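Let the sequences and hints guide you as you build the complete structure.
Counting with numbering that gives the first Met the number 0, you get residues 0 to 338 for the letters of the sequence shown.
FYI, nobody ran anything at the bench for these hints, they're computed from the structure.
A few of these clues could be false.
[Claimed, not checked] Within a straight-line C-alpha distance of at most 27 Å, the following computed BS3-like cross-link-like pairs (lysine-lysine) qualify:
1. Lys174 to Lys18
2. Lys103 to Lys325
3. Lys174 to Lys222
4. Lys243 to Lys222
5. Lys118 to Lys24
6. Lys243 to Lys314
7. Lys121 to Lys103
8. Lys314 to Lys121
9. Lys222 to Lys24
10. Lys174 to Lys121
11. Lys18 to Lys243
12. Lys314 to Lys118
13. Lys118 to Lys103
14. Lys166 to Lys121
15. Lys24 to Lys325
16. Lys118 to Lys243
17. Lys314 to Lys222
18. Lys18 to Lys118
19. Lys325 to Lys314
20. Lys24 to Lys243
21. Lys174 to Lys118
22. Lys121 to Lys222
23. Lys174 to Lys196
24. Lys325 to Lys121
25. Lys166 to Lys325
[Claimed, not checked] Label pairs and their in silico Cβ distance ranges:
26. Pro114 to Trp270: 35 to 41 Å
27. Ser255 to Pro49: 45 to 51 Å
28. Ala318 to Ala102: 20 to 26 Å
29. Ser255 to Pro114: 33 to 39 Å
30. Glu272 to Gln168: 22 to 28 Å
31. Asp329 to Trp270: 49 to 55 Å
Predicted, not measured: the structure shown is a model, and the values here were computed from it.
Yeah, the Cβ is synthetic: ideal placement off N, Cα and C, and Gly gets one too.
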Amino acid sequence: MTTSPEATDLVDQDGGRTKRVLLAKPRGYCAGVDRAVVTVEKALETYGAPIYVRKEIVHNRHVVDTLSERGVIFVDETDEVPEGALVVFSAHGVSPAVHEEAAKRNLRTIDATCPLVTKVHKEVHRFAREDYDILLIGHEGHEEVEGTAGEAPDRVQLVDTAEDVDKVQVRDPNKVVWLSQTTLSVDETMERVDQLKDRFPDLQAPPSDDICYATSNRQHAVKVMAPECDLVIVVGSQNSSNSKRLVEVALQAGASDSHLVDFASQIDEAWLEGVTTVGVTSGASVPDVLVMQVLDHLAERGWNQVDEVTTANEKVTFALPRELRKDLDDNPNKPKGVR
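Right, here's the structure in full:
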């Protein structure tokens, strides 16, 4: 694999342009997803199956299916978990009401909420305590949005579409703040912010960027390579917000075509007709093995040259949830490699 994106002038033996792949870096697992998946894996090793997980631990079909095969039972709500059993809360976070329900049912809990989502929860707490109206930019029905809004439901209003901007009602236009779902498109978020500022000129911004570093980095990498791409393949699941945004970002940044796939087998041969340069990336909840399978699929069809386009080097890591760390520390036979 080469590391330079400069291969535009190469030609094949037939005098045509060389088929090549531009492979985005960074891509795939972010620190929050890695922490959540490892949390469930270590819980299985420490406590044994079955382990219950509320919602999907992360939004990726392959990850969920693989964990299910190992004895993880995914449920929609905590009332589906037997009383006294162990339940892991997903990386997307839950509301205080979910914690309270789990306590009432005497459930043992491990909270695998991404620390960057927890940061937004704390911002909701702070601004609600200071009596602000909080405008949460995000997608209706997304688990992260439901958890964040649940921190202060009487103070949070969801702003999803441009039409939602017109529906917002606040008590004091001088005490309004916007926060956002961590996995949104940066451009889409700022478009909503600008629309909200037209209505509320004194609208305050969060103390630090809510959109997660990994989401921003993956979108930037796609923006850099998209103008050279006839096709961008994004590996990710349909319920993954950040993966779907990568498809949108690729098209907006100049890619001729872009599609989201869970697996290499879902690539439609018609997408590849007349294509020279294929961009490949993956959402923040996607293991890299799935990306490698896409590269193998493309190589079998003549896209053997892979140029990695690096726009950032990520070194962020998060410690495992404290509930799990405590049990691992108390267990002298804890699995090797536990952080």
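Q) Does the alpha-carbon distance linking lysine 18 and lysine 243 stay inside the 27 Å limit? A) 26 Å, holds
**Q.** Holds or violated: lysine 18 to lysine 118, with C-alpha atoms at most 27 Å apart
**A.** 44 Å, violated
Q.
Need the status of pair lysine 121, lysine 222: alpha-carbon distance at most 27 Å?
A. 31 Å, violated
**Q.** Hinted pair lysine 118 and lysine 103, Cα distance within 27 Å
**A.** Roughly 26 Å separates the two Cα atoms, so the pair holds.
(Q) What's the verdict on lysine 243 and lysine 314, does the C-alpha distance respect the 27 Å limit or exceed it? (A) Judged against 27 Å, a Cα distance of about 24 Å means the pair holds.
Q. Lying within 20 to 26 Å: is that true of the beta-carbon distance alanine 318 to alanine 102?
A. 24 Å, holds
Q: Quickly compare the C-alpha distance for lysine 314 and lysine 121 to 27 Å and report which way the hint goes.
A: Holds, at roughly 24 Å.
Q) Straight-line Cα separation of lysine 166 and lysine 121 no greater than 27 Å? A) Holds, because 26 Å separates the two Cα atoms, which is no more than 27 Å.
Q) Does lysine 118 lie within 27 Å of lysine 314 when you go C-alpha to C-alpha? A) 19 Å, holds
Q.
Would the hint linking lysine 325 and lysine 121 be met if the CA-CA limit is 27 Å?
A. Holds, at about 24 Å.
**Q.** aspartate 329 versus tryptophan 270 beta-carbon gap, inside 49 to 55 Å or not
**A.** 52 Å, holds
Q. Given the hint that lysine 243 pairs with lysine 222, does the C-alpha gap stay at or below 27 Å?
A. Between lysine 243 and lysine 222 the Cα gap is close to 14 Å, so the pair holds against 27 Å.
This entry does not satisfy hints 1, 3, 15, 18, 22, 25 and 30, going by the numbered hints stated previously.
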